[in-house]
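A.B. asks: Residue numbers (our numbering), protein chains in the order written: chain C, 1 to 162; chain R, 1 to 754.
Heads up, some of the hints might be wrong.
Stated by the list, open to error - The list that follows gives simulated cross-link-like pairs (lysine to aspartate or glutamate, EDC-like), each with its CA atoms no further than 20 Å apart: (1) R:K31 to C:D118; (2) R:K31 to C:D96; (3) R:K31 to C:D32; (4) R:K503 to C:D96; (5) C:K3 to R:E119; (6) R:K31 to C:E71; (7) R:K543 to R:D556; (8) R:K694 to R:E500.
Please keep in mind that the hints were generated in silico from the structure rather than gathered at the bench. Predicted model only: the values in this text are computed from it and were never measured.
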Amino acid sequence: MSKSTLVSTTVNGDAVEFACPADESLMTALRDRVGLTGVKEGCGTGDCGACSISLDGRLVCSCIVLGVEAEGRSIETVEGLSQNGVLHPLQQNFIDHAALQCGICTPGFLVAAKALLDRNPNPDESEIRYALAGNLCRCTGYDKIVRAVQATAKDMRKKGRS
Amino acid sequence: MAHDNSYVDKKFNVVGTRFNRPDGIDKVTGKARYGADASAPGQLVGKVLRSPHAHAQILKINTSKAEKLQGVKSIITFEDLPDLTGADQGMADILENCMARGRALYDGHAVAAVAAVDEQTAAKALKLIDVKYKKLPHVTDVDEAMLPTAPIIHDRIFTRGVEPKPTKPSNISSRTEMGNGDIEAGFAEADIIVEHSFKTEQTHQGYIEPHACLASVNPDGTAELWVTTQGHFVFRNVCAGLLGLDIAKLKVTSSEIGGGFGGKTHVWVEPVALALSRKANRPVKMVMSRDEVFRATGPTSSTSIDVKLGAKKNGRITAAIAELRYQGGAFPGNWAMLGCMTAFACYDIKNNKSIGWDVLVNRPKVTAYRAPSAPMAAFAVESAMDILAKELGMKAIDVRLKNVAREGTLAPYGPTYGPIGIEDTLKAVKAHPHMRAKLKPNQGRGVACGFWFNIGGQTSTDLNIGVDGTVNLAVGTVDVGGSRSSLAMIAAEELGIDYEDVKANIADTTSLGHNDMTEGSRGTFSSGMATIYAAREAIEVLKQRAAQTWGIPVEDVAWEAGHAVATGKGHGNLPKLSLREIAAKSGRTGGPIAGHNEVTADGAGMGFASHICDVEVDPETGRSTIVRYTVVQDAGKAINPDYVEGQFQGGATQGIGWALNEEYIYGDDGRLQNPGFLDYRIPVCSDLPFIDTKILEIPNPNHPYGVRGVGETSIVPPLAAVANAIANATGVRMGHAPMSPPRVLAALDALDAG
Ligand code: FES
Ligand code: FES
């Protein structure tokens, strides 16, 4: 057994503590110690985006961040997207536009798309495509994913105006 | 009960509409549980030690140091997996692929495995295992492996299918030949003959979820396996066979599956996890790293193919011959045979011949990848069709239409086609606005066709009606692309109830009869058929209950739009009974109401597609960008058009990746140099435009709704569609896929120099 360090963080708004070895990735800590298995592992090397989370508001691949680096920081995962039982518009639009097949990439895409829309509520197609270029999907050809994000941006802008 | 599976033209209420999938919410909220998302009390972490050599004798495996490490609970080598396969060479190959037996046959071949209390300890233990290897000469290229001087991979293999029977072992495991007519006479008749050679590199299915499982074996021989798989029933049978367990005592549950595309039809770590668990007497979880996924699982064949076509001046092809060489990795396969069967399947060519060579090399054992073997054959044949068109001075699409296969055409692999859709897809392509879109400088347009058989197979399905009238559908095929939704739609359609009242679930192996692998685009086709029959059986029971309630003969009861209706003289004023009403009383009228079906579904219906691709080639870098792409495919009947489109788009994208970038790169040392998503580059969002789709529906006569498999055909045309587009953009004919920037640039330079 390796020696562990105690880490105090905020995860999806709640105070969370976990103990993990110094060389353990944040992805593994979130999955195995905090129980947030919505954080997916596709590669472990920062190349697929399945493990995307928001760390202090910044989109990161949690597989290339150490668990101990999360000390004192705030983490958002796919599990925190829906509020009070209501799906986030991105989640609803992914379902409505059949933007997922196997769904393993979906949590990462949702987190990455949210990061995009938080920053840019009115992205064009190419901005969407580049913002999501760090997330691999092998099933969909991305077509319906981009459409779901476009639809969400439109819905949210409409809502924002009303 | 015998069922008539012929197609009946009818109006649908639910089928053909777009409904959200039942697993959608779990998948967008992170609740869905995949292979790596399960855990068990006291579980250990399993890890595999893999060969760093392409080919080596294993002289000694010393595990004593690793065993002494605190926290290590079991270590296994091939000795812990004794050969129980008897005379079944196929099973023996699977066993040897799961764990090397005396020889490592490729870079990444499993040599030993450890289960320990945690990841770190397991990793440390692997380092403490001392393996003494003696390196052997290796070969990784398909053409080199066929040379008489090549190092022999298995001295038990003698080429099948050649006369006289060879006396020396060879890396060529078999030769296949098929075709029709008289090939010499056909070429003698030709006005024009074209010939070209092609190569395709090895690619991986590239599912984003690595293989993962959780195994638990008890001392009494009962066992459980949670696993990401395309066929938990087949995994059960294979694992039970390899481990010497009773089939009924091994319960296999399929997790949500994070992509498979054929690559999760095969066992790798699962028998190893079971063996580790048996030895440690604790549950063992194993999750492959991406590096392991690339080095040891999946890949498709690399190939080398020659094609020769002869035609009359009017474009009619008089003869076609292809010689196809497919490597199957370190174990024999039938990949070249599949290439032969599909090569000329789109066309009506009187004299045709395909010769296939299945070849062994020091690479991982090849597994099915979406329409396995067809994309490479189509790359060669569909490129050659364009070369021929150019020689003839005809439009590429017109040469295809001139020779297109139709109902009644004798297929090169034997059968005579029933109603098929290839001609319709070509006509739809011709009429498509994409064909008239303006091309800019450095852009070109290509068209190509593709074929896949689709398969049926053994299927078992249960349908149970609850007392509130809602319906549980238990199926045994795995949901790889939304089939739970499609199957629930079919059940709702048959019963005449709302989609929302049906819940489809994937049953574990102890709850349902055997189901074959979910492959060959069969999920919705065959489970759909079983669902129809199970629902019809349940309707018979519902009618009986209604008859009983009314006190009339069952012959006087009909089932209409979710209700039992009394027909026949004298019952006219009986009010109809809804499914819900009948279900509510089921406890008093004879007990639970269910339908059940076991079927070996035949006649999956051939799938044909034609694709249009516009590409822009950067003359400075050789980089090709897809600017427009359209898929036209015959689906027979689209149960849920959203998912059919999704299959078309996903398959086309995989084909585009193969065409432009994806390839296994082996060094001179026989080791894989790019086992990661950074260097093995699959298409990303910014590489692609929207993929346009057009679904044609030419009913499959062998399915009650006309359904054909739709999952695979879409990966077949892209390689050639891209190659033809590049040829039209630049004037260079790329015969080597992937057509990566360096290869295209070299070809452009050669053209300039030439
Ligand atoms: S798992 Fe983190 S980027 Fe792939
Ligand atoms: S839906 Fe399967 S990887 Fe994206």
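A.B. asks: For every hint, state whether the structure bears it out.
C.D. replies: For each hint, the structure was consulted:
1. As the CA atoms of R:K31 and C:D118 are separated by approximately 24 Å, the hinted pair breaks the 20 Å bound.
2. Note on R:K31 and C:D96: the hinted pairing holds, with a Cα-Cα distance of about 18 Å set against a maximum of 20 Å.
3. Taken as a hint, the R:K31 and C:D32 pair is honoured in the structure, with Cα atoms around 14 Å apart against an allowance of 20 Å.
4. Annotation: proposed proximity of R:K503 to C:D96 holds, straight-line Cα distance about 18 Å (limit 20 Å).
5. The suggested pairing of C:K3 with R:E119 holds, with an alpha-carbon distance near 13 Å, which does not exceed 20 Å.
6. For the hint linking R:K31 to C:E71, the alpha-carbon distance of about 26 Å lies beyond 20 Å, and the restraint is violated.
7. Proximity of R:K543 to R:D556 is assessed by CA-CA distance (about 9 Å); at most 20 Å being required, the pair is judged to hold.
8. Between R:K694 and R:E500, the direct Cα distance comes to roughly 28 Å. Violation of the 20 Å bound is thereby established for this hinted pair.
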